[in-house]
Amino acid sequence: MATPAPTRSPELRKDPVTNRWVVFSPARAKRPSDFKSKPSENPNHNSSSCPFCIGNEHQCAPEIFRVPNQPNWKLRVIENLYPALSRNLEYPIGQNGDSSIDSGGWGRVVPGFGFHDVVIETPVHSVQLSDLSPSELGDVLIAYKRRIEQIKGFDSIKYVQVFKNHGASAGASLSHSHSQILSLPVVPPSVSARVGSMKEYFNQTGKCSLCEVQSKDLLINETSHFISLAPFAASFPFEIWIIPQDHSSHFDELDNEKAVDLGGLLKLMLRKMSLQLNNPPFNFMIHTSPLQLTNSELPYSHWFLQIVPQLTGVGGFELGSGCYINPVFPEDAAKLLREVNVPIEG
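For what it's worth, UniProt numbering labels the leading residue of the sequence shown as 1, then goes sequentially.
The hints are simulated quantities; they were obtained by calculation from the structure and are not laboratory data.
Only a predicted model underlies this, so the values are computations on that prediction, with no experimental measurement involved.
Hints should not be assumed to be uniformly reliable.
Claimed, not checked - Pairwise CB distance ranges, derived in the manner of DEER restraints: (1) Met285 with Ser224: 18 to 26 Å; (2) Asp255 with Ser321: 35 to 43 Å; (3) Phe154 with Glu253: 43 to 51 Å; (4) Glu200 with Ser86: 20 to 28 Å; (5) Lys335 with Ser133: 38 to 46 Å; (6) Gln214 with Leu89: 43 to 51 Å; (7) Gly196 with Ser86: 27 to 35 Å; (8) Leu81 with Gly313: 24 to 32 Å.
Glycine included, C-beta positions come from ideal geometry on N, C-alpha and C.
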C-alpha cells in the first residue's frame, strides 16, 4: 500500500491589506498541480445574435464613447441595458454630504443613483481578453481610466468598481468579451475595511503594506512598473494580484506607458492561469481608492488588480464567518504559475 504524500499543517493567515483571516487547509485538496477547471458552456455563443458584435450596435443601450471614434471601432463603452443603479435619479445631498435617510426600521436608505457601464473589449465575438496584444489591452485599461475621470465630475459618486466576469459560472451573461464599471454613491464596507487595514499597517510601520511586498516565494512575474504575485493570505486558490511597483493610490493615475506594461502582464497572467488550470471561469477586480480620499490617506492607499479563478465554491463557513478556506498555499500556487511556459506569439 502506497504511503500518502506528507502534507503541510493547516495554518491561519491574516492579510494586512484586506484585514481578513484565511484558513489554509491543504488536506482538503488534491495536489496543487491537480487543480483544473471543468469545461463549461459559455452562454450566447451565437455571434450572429450577439449585441456586442460589430454591426449589432443598434441592439445595445446608448453608447458613451468608442475607440477609435469611427465605424470600425476597437472597443466601446456603453450603458448597461440592465443597470444595477439608475443614472436618471435625482440625488439629494443632505447635511455634511450625507443623503441617507432613516428607513423607519433597522437601517438607512440611500437613493439608488449611480452609473453601470459595459466595456466591450473587442468587436470580434471569438476574441478573448488574453488574445489581445499588450497595447490593445492597454487601450481597454485607458478606457476604464477615461470613464472614471468622467464619473469623478459627480460629487455624489464615492467609489468606482471596475470588474470582469469571464464564464457563465463567474457571472457572465454574454460570452462576448466585456467588462463592467459600477459607480456607487457609497463606499462599500470591504473598501472601507481595506483602507482601514492599510492605515493600521502604516501607523505601525510607517510604510505602505503593498509597497512592502518583497517575498520571492510569492512573486510570479515582474515588469518595469508592476509585479504579479500570489498574495500572502490568498482567499482563493491560485488568486493573483498585480500591483504597481511605484506607490499609487488611484487606478486612474495610470498613464499610457504603464497601461501597455500592465496590459502585457495581465495578458501573461491570464494565459498562465488558462494553461495551468484549463481555462477556468474567472473574475478580476480593480481595487482602487475611494474618490474623495484625503491627503492624509494617500501614503498608505495603494491600488491593485485581483484575479480570482473560479475553482472552489463558497459555503456556509465562509458566509457565516467572513473567513475563507483555501486548500492551496500561495507559495505553491506562485511556484506553479512561475513555471508555466507561455508560448511566444509569432
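Problem - Asp255 paired with Ser321, Cβ distance criterion 35 to 43 Å - result: The hint (35 to 43 Å, Cβ to Cβ) holds, given that Asp255 and Ser321 are roughly 41 Å apart.
Practice task
Using the Cβ atoms, figure out if Glu200 sits within 20 to 28 Å of Ser86.
Solution key: Violated, at about 36 Å.
Practice task
Starting from the hint 27 to 35 Å, judge whether the C-beta atoms of Gly196 and Ser86 obey it.
Solution key: The hinted range 27 to 35 Å holds for Gly196 and Ser86, with Cβ atoms some 30 Å apart.
Practice task
Could you tell me whether the CB distance from Gln214 to Leu89 stays inside 43 to 51 Å?
Solution key: At roughly 46 Å between Cβ atoms, Leu89 and Gln214 fall inside 43 to 51 Å, so the hint holds.
Handout entry: Assessment of proposed distance window 43 to 51 Å (beta carbons of Phe154, Glu253)
Key = violated (19 Å)
Practice task
Could you check the hint for me, namely that Leu81 and Gly313 are 24 to 32 Å apart, CB to CB?
Solution key: Between Leu81 and Gly313, where Cβ atoms are some 29 Å apart, the hint holds.
Problem - Met285 paired with Ser224, Cβ distance criterion 18 to 26 Å - result: Holds - the Cβ-Cβ distance for Met285 and Ser224, about 24 Å, lies within 18 to 26 Å.
Problem - Hint check for Ser133 and Lys335 - Cβ pair distance inside 38 to 46 Å - result: Since the Cβ atoms of Lys335 and Ser133 sit about 28 Å apart, the hinted range of 38 to 46 Å is violated.
In this structure, the hints that do not hold are numbers 3, 4, 5, in rising order.
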